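With the hints as constraints, model all of the structure from the sequences given.
These protein sequence lines map, in sequence, to chains A and B. Heads up: the first sequence begins at 1 in the numbering used here, then just goes up one per residue. Heads up: the second sequence begins at 1001 in the numbering used here, then just goes up one per residue.
Just so you know, these hints were derived from the structure itself, not from any lab. Here the structure is a predicted model, which means the values were calculated and not measured. Be aware that a few hints might be false.
[Said to hold, decoys possible] A short, non-exhaustive set of chain B residues, derived as facing chain A with CB atoms under 8 Å: (1) L1018; (2) D1020; (3) G1021; (4) D1022; (5) V1068; (6) Y1087; (7) R1088; (8) M1091.
[Said to hold, decoys possible] Each pair of labels, with its calculated beta carbon distance range: (9) B:R1088 / A:G346: 21 to 27 Å; (10) B:G1080 / A:E509: 29 to 35 Å; (11) A:G540 / B:D1052: 56 to 62 Å.
All residues carry an ideal CB built from backbone N, CA and C; glycine is no exception.
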Amino acid sequence: MYRYDEFDERFVRERVAQFRDQVGRRLSGALTEDEFKPLRLKNGVYLQLHAYMLRIAVPYGTLSARQMRQLALIGERYDRGYGHFTTRTNLQFNWPKLRDIPDILDLLADVEMHAIQTSGNCIRNVTADHFAGVAPDEIEDPRPTAELIRQWSSLHPEFDYLPRKFKIAVTGAAHDRAVIKAHDIGLRILRHPDTNEIGYEVVVGGGLGRTPMIGKTVREFLPKADLLAYLEAIMRVYNLEGRRDNKYKARVKILVHEIGTAEFSRRVEEEFARLDGPSVNADPAEVARIAAYFAPPAYEALPATSGAFETAKAGNPDFARWVETNVTPHRQQGYAAATISLKPIGAPPGDASSAQMRLVADLAEAFSLSEIRVTHAQNLVLPHVKLSDLFALWQRLGEAGLATANAGLITDIIACPGLDYCALATARSIPIAQAVAKRFADPARQKEIGVLNVKISGCINACGHHHVGHIGILGLEKRGIESYQITLGGDATETAAIGEILGPGLAAEDVPDAIERIVSVYLAQRRAGESFIDNVRRIGLAPFKAAFQEASHAVA
Amino acid sequence: MAAAKRPALPVILLANDLLDGDVVFATGDAHGLCWSRDPGAALIGHDEATADRLDAFAAAELGGQRVVDAYLVDVAVEGGVPVPRHYRERMKTTGPSVRRDLGKQADLPLAEAFTRTAFARA
Ligand code: HEM
Ligand code: SF4
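Below you can see the structure in the form of structure tokens.
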């Protein structure tokens, strides 16, 4: 894992000291709320409905056991004993007191963590494939790229006052698990078809929110060494031309959409040609230094199969089912990646108690070379588990309610905090996730339905990715009542798509029935082996709309 | 989120405590106003004069750096207790509906009543 150097360490400590001073001045009355708000947001401190909220960055979703343990401690000492993992692979604490936040930030700095650039109009925490360094379909680990971008974008003076927030995601694999096409910039590491050289496909202008857009490829192949200069060129074009007059039109997606991909690309290339590449691009020695931190850990040489593992599976159907859904192949022979579902049936998606965090830290130390990943689907991953340890791991997880076998299935629902916590929400999202999960709790039924992503947001900001859910649910307000709009056909992968609205909004209690209807159409009409999303693509929206309309007593 | 337009009467004034972030309600009598964590204790403004008084208190307390996000909320009075008409503000008087052990509903018996009226449907 990446370790802070002296510069990183000093920078983070200085920021804590500055924020401590700013909080002191706020509490003494020297700073008004209008003056203080931008400062607190720069340090990840929001005001929600019931309390302040602290958003902590988990760069590219990678955590050490030690860091996870510190998060558990913070949750216990300064919050209400739990935290919420988000679609941006961050952790949010929902109840910190403003006066305690400087101390929390110090505890974070002790384990090389912070909350900087988790809010505000800057380049946010860079996310990556949660199976980085592990996935068999990976060309190169995306995390050195993400770390390089993190260092380049942290406190970059030119990008400190962007028209709007800016999100970057990186994948190094063929299959996109990082939703790169719904980010302001998405990078896909690939090999040049002719030269075999490693470089990037550069996708710009994706984003969700009020105006959802799928990112457009502005450069098919960018040599690796040119990354920062090219990103800088994109940021300059955006910084200069992006709209500051209207925050709903300020994201780069609007600029790309308004001037067109070809013209945007032309301007970026022009700027790229003009700027002094070598002075912007990272020093190869620095790139190598960063990459070295992500070198494969010290794996043991193991056989490709494990007798103990096969025996455990054969003798224990529950374990076998968990393996089927939550265990992913590893590039290293004899190892696997295990997904720890934070979606036990009926629990708020993405929430983990301090006790659970501590257990995950212990298990990471015992079974996964001390490493943990946070996924955009609000789950955790132990990336390096020996096949022969999986059964013991599963048993320990089960004791803590963390062995739900549903990764990727209909109950593995993404949900933003919604109106239960969020001041911007128009409706609740967590209770909807709970109700849908309960409706489909039966494991046999989940298995029959197969891969199906349900994603729920509590307002049009789309923090819960509802636009790219196979089934998306958006909570709105209609005449003083919560109302839920259902979309169908969204896709968060390399074949990214925005879902389409099925019909009028529904009352909360009607949502599970509506999902049931949609699923029935699929089960009735699918061909052998056809997944839900493939079925929707093949038969189109009409049959689903018809079934939906029958079911909907719209909140007229 | 200062109230741009005054909501319909009756109203209460709520805010978040600057230090703790906790939701607080203006309470008091003819002699003066202060903050309470208990929604049941909120002073109900049935007339324009009381609403004006709550507004002025909000401005003074925001200026005095004691609270943030202070605004008037229209309520229905149920059994003598003010219940916000909008579900968003009702949520502020209870705490998260998915964690009944947290927020006001956890330790204020009165809030239990709000929880029931606010989210009977859930
Ligand atoms: C205090 C809580 C939050 C606030 C105030 C907030 C605010 C916003 C806003 C205003 C947008 C729309 C941006 C735009 O359209 O330009 C947005 C988008 C988004 N937020 Fe949040 N959010 C919050 C919590 C979260 C949480 C908990 C998550 C993760 C679960 C999250 C992840 C995202 C994502 C993925 C998007 C859509 C991607 C995009 O930026 O286009 N946010 N958020
Ligand atoms: S989608 Fe809306 S309700 Fe949900 S977290 Fe984002 S801003 Fe809040």
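Taking the hints in turn, this is what the structure says about them:
1. L1018: Given a least distance of 7 Å, the restraint on B:L1018 holds.
2. D1020: Given a least distance of 5 Å, the restraint on B:D1020 holds.
3. G1021: Holds - the Cβ of B:G1021 comes within 8 Å of chain A, reaching about 4 Å at its closest.
4. D1022: holds, 6 Å
5. V1068: Holds, about 5 Å.
6. Y1087: Given a least distance of 7 Å, the restraint on B:Y1087 holds.
7. R1088: Interface hint status for B:R1088: holds (6 Å vs cutoff 8 Å).
8. M1091: Holds. Min distance 6 Å.
9. B:R1088 / A:G346: 21 to 27 Å: holds, 24 Å
10. B:G1080 / A:E509: 29 to 35 Å: Holds, since B:G1080 and A:E509 (Cβ atoms, about 30 Å apart) stay within the stated range.
11. A:G540 / B:D1052: 56 to 62 Å: holds, 59 Å
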